[in-house]
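Undergrad: First to last, the protein sequences are chains A and B.
Counting from 1, position 261 in the first sequence corresponds to residue 261 in this note's numbering; the numbering is continuous, with no gaps.
Counting from 1, position 241 in the second sequence corresponds to residue 241 in this note's numbering; the numbering is continuous, with no gaps.
Take these hints with a grain of salt, some might be off.
Computed cross-link-like contacts, DSSO-like style, restricted to lysine-lysine with a CA-CA straight-line distance of at most 27 Å [stated by the list, open to error]: (1) B:Lys179 to A:Lys203; (2) B:Lys240 to A:Lys195; (3) A:Lys57 to A:Lys85; (4) A:Lys85 to B:Lys123; (5) A:Lys57 to A:Lys5; (6) A:Lys57 to B:Lys123; (7) B:Lys123 to A:Lys195; (8) A:Lys46 to B:Lys217; (9) A:Lys52 to B:Lys123; (10) A:Lys52 to A:Lys85; (11) B:Lys240 to A:Lys10; (12) B:Lys240 to A:Lys172; (13) A:Lys83 to A:Lys10; (14) B:Lys44 to B:Lys123; (15) B:Lys179 to A:Lys172; (16) A:Lys5 to A:Lys50; (17) B:Lys44 to A:Lys195; (18) A:Lys50 to B:Lys123; (19) A:Lys238 to A:Lys172; (20) B:Lys179 to A:Lys240; (21) A:Lys195 to A:Lys238; (22) A:Lys195 to A:Lys237.
The following residues of chain B were derived to be distant from chain A, with all beta-carbon distances above 10 Å [unchecked claim]: (23) Ser145; (24) Gly159; (25) Pro160; (26) Lys161; (27) Ile207.
Simulated from the structure, these hints should not be mistaken for lab results.
Idealized CB from N, CA, C, for every residue including glycine.
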Amino acid sequence: MSKMKKLYRKVMNRWIVFGATSLNYEKYEGLGYTYAMLPFIEENYKDDPKGKETAIKTQLQFFNTTPYTAPFIMGIDVGMEEKGKTASLEAVSALKTGLMGPLAGIGDSLFVTIPWTIFGAIAANMALQGNPFGCILWIIASILLRLTAYPLFNVGYRSGTKMLSSINTTLKALTNAASVLGLMVVGALAATMVKVNLAFTFKQGKLMMTGNSILDQIMPGLLPAAVVAIIYYLLGKKVKPLYVILIVLVVSVVLNAMHILA
Amino acid sequence: MLLRNILIIIYGFIINFDKEGPKLGISQPVVAGLIAGLIMGDVKTGLYIGGTLQLMTLGITSFGGASVPDYQTAALIGTYLTIATHQSAAIGIALAIPIALLIVQVDVLKWSANIFCQQRAEKYANQGNYRMINWMQYLATLFTSFVSGIPVLLTVVLGPKIVGSFINYIPAWLSGGLKTAAGILPAVGIGMLLQYLPTRDYFSYIIIGFVLAIYLKMPIVGISLVGLAIALILYKNQTKGNNANQETVTGGSDEDE
Numbered sequence: 001m002s003k004m005k006k007l008y009r010k011v012m013n014r015w016i017v018f019g020a021t022s023l024n025y026e027k028y029e030g031l032g033y034t035y036a037m038l039p040f041i042e043e044n045y046k047d048d049p050k051g052k053e054t055a056i057k058t059q060l061q062f063f064n065t066t067p068y069t070a071p072f073i074m075g076i077d078v079g080m081e082e083k084g085k086t087a088s089l090e091a092v093s094a095l096k097t098g099l100m101g102p103l104a105g106i107g108d109s110l111f112v113t114i115p116w117t118i119f120g121a122i123a124a125n126m127a128l129q130g131n132p133f134g135c136i137l138w139i140i141a142s143i144l145l146r147l148t149a150y151p152l153f154n155v156g157y158r159s160g161t162k163m164l165s166s167i168n169t170t171l172k173a174l175t176n177a178a179s180v181l182g183l184m185v186v187g188a189l190a191a192t193m194v195k196v197n198l199a200f201t202f203k204q205g206k207l208m209m210t211g212n213s214i215l216d217q218i219m220p221g222l223l224p225a226a227v228v229a230i231i232y233y234l235l236g237k238k239v240k241p242l243y244v245i246l247i248v249l250v251v252s253v254v255l256n257a258m259h260i261l262a
Numbered sequence: 001m002l003l004r005n006i007l008i009i010i011y012g013f014i015i016n017f018d019k020e021g022p023k024l025g026i027s028q029p030v031v032a033g034l035i036a037g038l039i040m041g042d043v044k045t046g047l048y049i050g051g052t053l054q055l056m057t058l059g060i061t062s063f064g065g066a067s068v069p070d071y072q073t074a075a076l077i078g079t080y081l082t083i084a085t086h087q088s089a090a091i092g093i094a095l096a097i098p099i100a101l102l103i104v105q106v107d108v109l110k111w112s113a114n115i116f117c118q119q120r121a122e123k124y125a126n127q128g129n130y131r132m133i134n135w136m137q138y139l140a141t142l143f144t145s146f147v148s149g150i151p152v153l154l155t156v157v158l159g160p161k162i163v164g165s166f167i168n169y170i171p172a173w174l175s176g177g178l179k180t181a182a183g184i185l186p187a188v189g190i191g192m193l194l195q196y197l198p199t200r201d202y203f204s205y206i207i208i209g210f211v212l213a214i215y216l217k218m219p220i221v222g223i224s225l226v227g228l229a230i231a232l233i234l235y236k237n238q239t240k241g242n243n244a245n246q247e248t249v250t251g252g253s254d255e256d257e
C-alpha cells in the first residue's frame, strides 16, 4: 500500500509540474494526462504488455479540463484501473469525457477566475502604491491552490464516482459563494481602477471645474461604470476581447487627439 | 548588466512554463513586473507597470485556448525596456500593450507545434516505446516556454538600442492616446470577468462593492473581507439543506440533486 501511495504522489507531482505544458489543438491535455499517469500505468500493467499499450492509447485521447480539478478525475481513474485493469478502460474513457466539462466549468471559476481576481486586485493595488507585499501574498495563495491537487486526488480515489453528485453540490455552493466575493471586488475595481478623465474644464468667473468634478457631483464613478457597462455589452454580443482592446486603443487615441479625454 | 540580462532571459523562459505548468503565481503580470524590477534594480517601476497590466487581465486566463493578450510576458518586457532605456513607467505600459497583443500570435504557434509532440507520442505508443512519451512531453514543454522566452530573448539582444531610438519618434498624439487607453483598458479585464461570473444572478454585490469603494473609500483588502463574510454566510445557507441530506445518504445510494 505504501508503495502505491508513493506512486500516486509521483503521478500528482508530474501533473502539477507539467500538467498543461503540452497543450495542443488536436488533443489538448491528452499528452499531459498520459505523461502524468505513466508511472502508475507501468506499475499497474506490469505483467500485461498488451494491457499497458491499450491503457496508454486510451489515455492519449482528447482531454481538456481545468488543471486544478483534473486530479479529482485522475483519482477516480486510478481507483477504477487498479480494480478493473483493462476491463475498466472503456468506462475510464467515458468518465474522463463526462467529467471534464462540468469540472472545467466549476474549476475555472473556483480555482482560477475568482481567486485570481481577488488576489490579483489586492496585489495590483498594493503594487501601484509601490508595495510588493500583495505579490508575496498571491504567490503563497497560488501555492496553496496548487496543493489542493493531493486531497482532490484522494477524494476521487476513495469515493470513486459515488461521491460525485454530493461533491458537485458542495463545489457549486462554494462557487456561488466565492462568486459573490469576486463580484464585490469587481464592483470595487470598476469604481477605482478604471480611469476615464475628461479633458475639458468649465470656467465662469472665479469658478473653475474640471469635467470629472462636474460628473462626480452627479455620481462619482459614473464614467468608469458606463465604460465597463459598454464593454460588458460588447463582449456579451460575442465581440472578441482582442477586438474590444483594439477598439479601446483606437477610441482612446482619437478622443485624446480631439481633447475630449485626457 | 550582463548578469541582469541573463537573469531576465531565464525568467522569460520560465514565465510561460509556469503559466501552463506549476502556476506558482510567478507568471502573473504584477509578479512579473516585481521580479523584472528586482533583477533590473528598480522595483517601484516594475511594480507600477506590472500592477497596471494586472488590472487589464485580472482573473482572465486563456481558458481552453481562447486568445487573451499575454500581459505576463509584456509586463516583463515593458519593465525591462523601461528601466534599460531610462524611460518613464507610462511609456513602458504603452509599449507593453502592443507587445501583449503580438505574443498571443506566438502562442498559436505553440498550440500547433505541440500537435507534433502529441502525434509522435501516439506513434511511440504503437511501437511500445513508452519512455519516449516522456520526452515528447518535455519537448512540448520546451515549445511552451519558447512562447515567452524567445520574445524576451529577442528584446534583450536587439531591444534597448532599437527601442530607445524608436521611443523618441513616437508622436505625442500616440503616446497621449496610449496613456488614456492604459486608464480605460482595465475595464476590458473587468468586462471579461463579468462574462465569466454569474453577474445576472448576483448583480447586487457589484453595487455593494462599488459603493464601498467609491463612497466609503474602503481599501480593496477591506472590501474583500466584507465579501468573504457575505460569502461564508451564503455558503452556510446553501449547504445546510444538503448536509442533512448527506447524513441520511452516507454509505447509501446516489443522492438526488
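Undergrad: Against each hint, give a clear statement of whether it holds in the structure.
TA: Against the structure, the hints come out as follows:
Under the criterion of a C-alpha separation no larger than 27 Å, the hint pairing B:Lys179 with A:Lys203 is consistent with the structure, at around 26 Å. Restraint check for B:Lys240 and A:Lys195: the C-alpha separation of about 42 Å exceeds 27 Å, so the hint is violated. Taking the CA atoms of A:Lys57 and A:Lys85, the gap is near 14 Å; set against the 27 Å cutoff, the hint holds. Restraint check for A:Lys85 and B:Lys123: the C-alpha separation of about 23 Å stays at or below 27 Å, so the hint holds.
At roughly 24 Å between alpha-carbon atoms, A:Lys57 and A:Lys5 fall within 27 Å of each other, so this suggested pair holds. At roughly 10 Å between alpha-carbon atoms, A:Lys57 and B:Lys123 fall within 27 Å of each other, so this suggested pair holds. Using a Cα cut-off of 27 Å, the hinted pair B:Lys123 and A:Lys195 is violated, with the two alpha carbons roughly 54 Å apart. About 64 Å separates the Cα atoms of A:Lys46 and B:Lys217, which puts this hinted pair outside 27 Å; it is violated.
Taking the CA atoms of A:Lys52 and B:Lys123, the gap is about 15 Å. The hint holds against a cut of 27 Å. Between the alpha carbons of A:Lys52 and A:Lys85 the distance comes to roughly 9 Å, so the proposed pair stays at or under 27 Å and holds. A hinted pair counts as satisfied when its Cα atoms are at most 27 Å apart, and B:Lys240 with A:Lys10 does not qualify at roughly 37 Å. Annotation: proposed proximity of B:Lys240 to A:Lys172 holds, straight-line Cα distance about 13 Å (limit 27 Å).
For the proposed pair A:Lys83 and A:Lys10, the alpha carbon gap of about 20 Å is at most 27 Å, so the pair holds. Of the pairs offered as hints, the one joining B:Lys44 and B:Lys123 is violated, with about 51 Å between alpha carbons and a cut-off of 27 Å exceeded. Proposed proximity of B:Lys179 and A:Lys172 is contradicted: the alpha carbons are some 41 Å apart, above 27 Å. Between the alpha carbons of A:Lys5 and A:Lys50 the distance comes to roughly 25 Å, so the proposed pair stays at or under 27 Å and holds.
Restraint check: the Cα-Cα separation between B:Lys44 and A:Lys195 comes to about 21 Å, which is no more than 27 Å; the hinted pair holds. For the given pair, A:Lys50 sits about 16 Å from B:Lys123 by alpha-carbon distance, which is consistent with the 27 Å threshold. For the suggested pair A:Lys238 and A:Lys172, the alpha carbons sit about 26 Å apart, so the restraint of at most 27 Å is met. This hinted pair checks out: B:Lys179 and A:Lys240 have alpha carbons roughly 23 Å apart, not beyond 27 Å.
Under the criterion of a C-alpha separation no larger than 27 Å, the hint pairing A:Lys195 with A:Lys238 is consistent with the structure, at around 25 Å. With a C-alpha separation of about 24 Å, the suggested pairing of A:Lys195 with A:Lys237 holds against the 27 Å cut-off. Under the 10 Å C-beta cut-off, the non-interface status given to B:Ser145 relative to chain A is violated; the minimum distance is some 8 Å. In this structure B:Gly159 is separated from chain A by more than 10 Å, as the shortest Cβ-Cβ distance comes to about 22 Å.
Its beta-carbon lying about 24 Å from the closest one in chain A, B:Pro160 satisfies the requirement of being farther than 10 Å from that chain. For B:Lys161, the shortest C-beta to C-beta distance to chain A comes to about 26 Å, beyond the 10 Å cut-off, and the non-interface label holds. Not every CB of chain A lies more than 10 Å from the CB of B:Ile207, the least distance being 6 Å, so the non-interface label is violated.
Violated hints, listed in ascending order, are 2, 7, 8, 11, 14, 15, 23, 27; each of the other numbered hints is respected by the structure.
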